[in-house]
Amino acid sequence: MKSMIKILSRYVLSAAAIALILLIVNFSLLAVWVIQAGKYEQRGYSTGQLANSLTESHGVYTLAESAEREIEKQYQWAMLLDDSGQVIWSKNLPGDVPLKYSAPDIASFSRWYLNDYPVYVWRHSDGLFVLGCAKGSRWKHSIEMYYEEMENTLIWFPALLALNGLAAILLALLFAMRLFRALKPLAKGIEEMAEKQTVELSTRGLLGDLAVAINKTSARLITQEAALNRRDNARTTWIAGVSHDIRTPLSLVMGYASQLEDDPELPPAKREQAGIIRRQSERIKTLVSDLNLASKLEYDMQPIRQNSLVPAVLLREVVADFLNSGLDDRYTVDVEIAENAQNALIIGDEELLRRAVSNLITNSIRHNSNGCAINITLEKGLGNCILRIFDNGTGFPQTVLEDLNQAQDTAGLQNHGLGLTIVRQIVKAHEGSTKFHNLPEGSCEVIISLPAK
Amino acid sequence: MGMVMNMKNIFDCKLLLVDDEPELRRMVNEILRKEGYAKIICAADCQQARELFSSEKPDGVILDVSLPDGDGFALMREFRALSAVPVLFLSARDEDENRLLGLGLGADDYITKPFLPRELTLRLRAVLTRAYFPIVLKQSQKPAFRLGGTEVDFNSGAVTSNKGQLTLTAKEFALLEKLYENRGSIVTGDSLCQAAWGDDLYGYENTLMVHIRRLREKIEPEPSAPRYLLTVRGLGYKLTGAERK
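These protein sequence lines are chains H and G, in that order.
The first sequence begins at 1 in this note's numbering and counts up one residue at a time.
The second sequence begins at 1 in this note's numbering and counts up one residue at a time.
Treat the hints as calculated values from the structure; they're not laboratory data.
There's no promise every hint is true.
[As the list claims (entries may be wrong)] Below 25 angstroms or equal to it, Euclidean Cα-Cα: the simulated SDA-like pairs (lysine to any residue) are:
#, chain 1, residue 1, chain 2, residue 2
1, H, K184, H, L171
2, H, K184, H, K135
3, G, K238, H, T332
4, G, K238, H, S325
5, H, K296, G, S66
6, H, K73, H, V121
7, G, K238, H, I365
8, G, K238, H, S358
9, H, K140, H, P98
10, H, K140, H, D96
11, G, K34, H, L260
12, H, K188, H, Y11
13, H, K296, H, I346
14, H, K135, H, W112
15, H, K296, G, I111
16, G, K34, H, E282
17, G, K34, H, P268
[Claimed, not checked] Sample of chain H residues at the chain G side, in silico, Cβ under 8 angstroms:
#, residue
18, R247
19, S251
20, Q259
21, D334
22, Q342
23, L345
In this text, a Cβ means the ideal position worked out from N, Cα and C, and glycines have one as well.
Kindly generate the complete structure, drawing on both the sequences and the hints.
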C-alpha cells in the first residue's frame, strides 16, 4: 500500500507539472505569435509612410512609385478626403465606395469597416488618407482597458499561473483518487497472494481484466502449494510407512541372530556369523530411523521440543556415553569447554542435539577405520554457542564437502550416508548454521553455531 | 495384582503379550521363557487382549502400539481403568516416541522395534521390579565392595583399609555411590554434582575436585597416583577395579 501512495503522489505531481508546463509553453507561443504578427504588420510600409508618400504639387496629387506598388501588393485601394469629407484623390477606388462622407461616417469607418472593406486611416496634411483592403481580408479589433488594470498585469499574471497550477493539482488528485480506489484492491490482492492467501477480487470496473488475471494467478498458486504439500506429505508418510514395515521383520532377524550369537552350544565360528547378522541388522535399524528422521526434518514434520539446556552438560554426556559403550582404543574423544561456555544456555531439543553430536563422532569413527583422535570444543560467541568437532583423520572428499555446504536436497547426498545430512537439518531446525570443511592437514572439521539464550 | 502377596520374584508374574505378528509373538515368548518367565499368555488384537485381561488378570503387559483393531495407547487406558498393571510398549514407529514422552500416558517403559532380546528382558525386569518389589529393594542391604585392599561398606559408610577405619561424609558417600552404581563407566561431573548437590557442574568445579581429593585420600592407597578413582579429563570420573563382596 505504501508503494501505491508513492506512485500516486508522483502521478499527481507530474500531472500538475505537465499542466503547468503546457500552460507556460502556450503563453509563450501566444506571445511569440503576437509579436510576430506585429512585425508582419510593420513589414514594408506603414499607413503613415504611404500617406506621406502622397504629395501635392500644383493641385495634382502624386503617389511615389514604391508606395503605389505597395498599395497594389498589400491593400486594394486608397483615397484622400479633404476636411469637408470630399474625396480629392483616389486610387483603384471600387464603385461601391461613396465619394462624400459626413463626420459620423468617418468616425465609424475609421475604427471599423467602410462598406465591409477593412480600412486604415492616417492624418494627411490636406485631410484624411484612407487605405482600403479587399473585403474579408482583415479582421479588425481594438483592445481597450483601464490603465490601472494594465498595471496590475504584473500581479495577476503570476497569480493566474499559480491558480492554474492549483487547479491542475486538484484535478490530477481527483483522477488519482479514482485510480487509487480502482488499484487498491488489486494491490491488496497481490500482497495477499505473496502471503499465500486465496485472492478473489471483484472483476468489475476499469481494471477488471487485471483482477481476473490476479484471481487466476492466485488460484494457480494455491493449487500448486497444495500439490507440493501433498507430495511432501506423501513422501514423508511413505518413508514412515516403509520404515514401520521393515521394523517387525528386522526384529525377528535381530532377535534370532542375537539368540544364536549367545548360544553356547554353537561353535564359535557360527556364533561369530550370527553376531555379524545381528550387527548388520542394527545398522539397518539405524539407517531406517535416520531415513525417517531426515525426511521428517526436510519437510518440517519433526516436532522440535523447545527446552532450555546447557550444551556443555549435553556434550559431556554424549561423549561419556560414547566412551562407556566400549569405544575402540584406537579412537580418543577429547572435550574442551571454554570457561565462558560452561554455563551457556541454548533453547532446543535435547534428543535431536544429542543425535547431531553423536552423528558427527560416529562419522569420524566410521571414516577412519585405522583410528583417530576426535576433538570437541565449545565456545561462547556473541549471542551464539560455537561447537567445533575435528579429528586428525582423512577428511571429507571434495564432492561431499560441496554437497554438504550447499545445503541441497536430501536426494543429493548418496555417498556419505544420512548422518551428516541429519546434523545439518537438526542445526537448521534450531536456527543455527553448520560448516563442513577440511583442515590444512587434510582432516575434517565441522563448526556448528547455535543461537544462545 | 491379586497375586502380589504370594509372588516370590518377578518370574512369578503372569505376562500378557499383545502383538499382531505371530512370528514376533513366538520369538518374544521364547525369549521370555528362556529368561525364566513361565506364565505367558498371548493375544493378537485388542479384542482378544481385553478378554484375556479380564479372565487371566495378568501382572504385566507387553503391548504393541499399532494393532489391527485399535490403538495400543487406548487399550492401555482401558487396562489402567481396571488395575495399575505395569505396561511395556513395543513400538514400530519413531513417531510413537513423541506420544509416549509427550502425552504422559503413564506407560512404564517402551522399546522401539527392532530390539535385542537383552534390551527387552532388562526393561521388563526393571518395570516389574519397580511395580512389585520396590520397598523390598530399598530395605535390602546396600552393597559393600573392595578396591584392592580397601573395603567400602555403604551400609555403615565406612572405609576400612590398612590406614584404619574411616567414615565417609554425606557428600563423599553420594559421590562414591554414584560412581559405584556406574562402576567401569565414566560418570560426568554433571551427574556427580546432581547426585551430591542436585545441580550441574557449573559453579561446583572446585568443590567437586576437593571432595574427590578427600575421597581419594580415604579409598586410594596412594591418593596422588589414583588407581581406582580415575579422572577423565574434560568429562568426569570413573571408578575401576571395584569387586563386589
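Going through the hints against the structure:
1. With a C-alpha separation of about 20 angstroms, the suggested pairing of K184 of chain H with L171 of chain H holds against the 25 angstroms cut-off.
2. Distance restraint check for K184 of chain H and K135 of chain H: the Cα-Cα separation of roughly 62 angstroms exceeds the 25 angstroms cut-off, and the hinted pair is therefore not satisfied.
3. The hinted pair formed by K238 of chain G and T332 of chain H meets the criterion: a straight-line CA distance of about 16 angstroms does not exceed 25 angstroms.
4. Taking the CA atoms of K238 of chain G and S325 of chain H, the gap is near 14 angstroms; set against the 25 angstroms cutoff, the hint holds.
5. Restraint check for K296 of chain H and S66 of chain G: satisfied, since their Cα atoms lie roughly 20 angstroms apart, inside the 25 angstroms limit.
6. The straight-line distance between the Cα atoms of K73 of chain H and V121 of chain H is roughly 18 angstroms, inside the 25 angstroms bound, and the hint therefore holds.
7. For a cut-off of 25 angstroms, the pair hint linking K238 of chain G to I365 of chain H stands: about 23 angstroms separates their Cα positions.
8. For the given pair, K238 of chain G sits about 21 angstroms from S358 of chain H by alpha-carbon distance, which is consistent with the 25 angstroms threshold.
9. Distance hint between K140 of chain H and P98 of chain H is fulfilled; the C-alpha atoms sit about 21 angstroms from each other, no more than 25 angstroms.
10. Restraint check: the Cα-Cα separation between K140 of chain H and D96 of chain H comes to about 20 angstroms, which is no more than 25 angstroms; the hinted pair holds.
11. Of the pairs offered as hints, the one joining K34 of chain G and L260 of chain H holds, with about 13 angstroms between alpha carbons and a cut-off of 25 angstroms not exceeded.
12. Proposed proximity of K188 of chain H and Y11 of chain H is supported: the alpha carbons are some 20 angstroms apart, at most 25 angstroms.
13. Only pairs whose Cα atoms come within 25 angstroms are accepted, and K296 of chain H paired with I346 of chain H is accepted, the gap being roughly 23 angstroms.
14. Proximity of K135 of chain H to W112 of chain H is assessed by CA-CA distance (about 12 angstroms); at most 25 angstroms being required, the pair is judged to hold.
15. The hinted pair formed by K296 of chain H and I111 of chain G meets the criterion: a straight-line CA distance of about 21 angstroms does not exceed 25 angstroms.
16. With a C-alpha separation of about 22 angstroms, the suggested pair K34 of chain G and E282 of chain H falls inside the 25 angstroms cut-off, and the hint holds.
17. For the suggested pair K34 of chain G and P268 of chain H, the alpha carbons sit about 21 angstroms apart, so the restraint of at most 25 angstroms is met.
18. Taken as an interface hint, R247 of chain H checks out: its beta carbon lies about 4 angstroms from the nearest beta carbon of chain G, inside 8 angstroms.
19. About 4 angstroms separates the beta-carbon of S251 of chain H from the nearest beta-carbon of chain G, less than 8 angstroms, and the hint is met.
20. Of the supplied interface hints, the one on Q259 of chain H holds, with its beta-carbon coming within about 6 angstroms of a beta-carbon of chain G, less than 8 angstroms.
21. With a cut of 8 angstroms, the hint placing D334 of chain H at the interface with chain G holds, because the nearest CB-to-CB distance is about 6 angstroms.
22. Of the supplied interface hints, the one on Q342 of chain H holds, with its beta-carbon coming within about 5 angstroms of a beta-carbon of chain G, less than 8 angstroms.
23. For L345 of chain H, the interface hint is violated, the least distance from its beta-carbon to any beta-carbon of chain G being 10 angstroms, above 8 angstroms.
The structure shown violates the earlier hints numbered 2 and 23.
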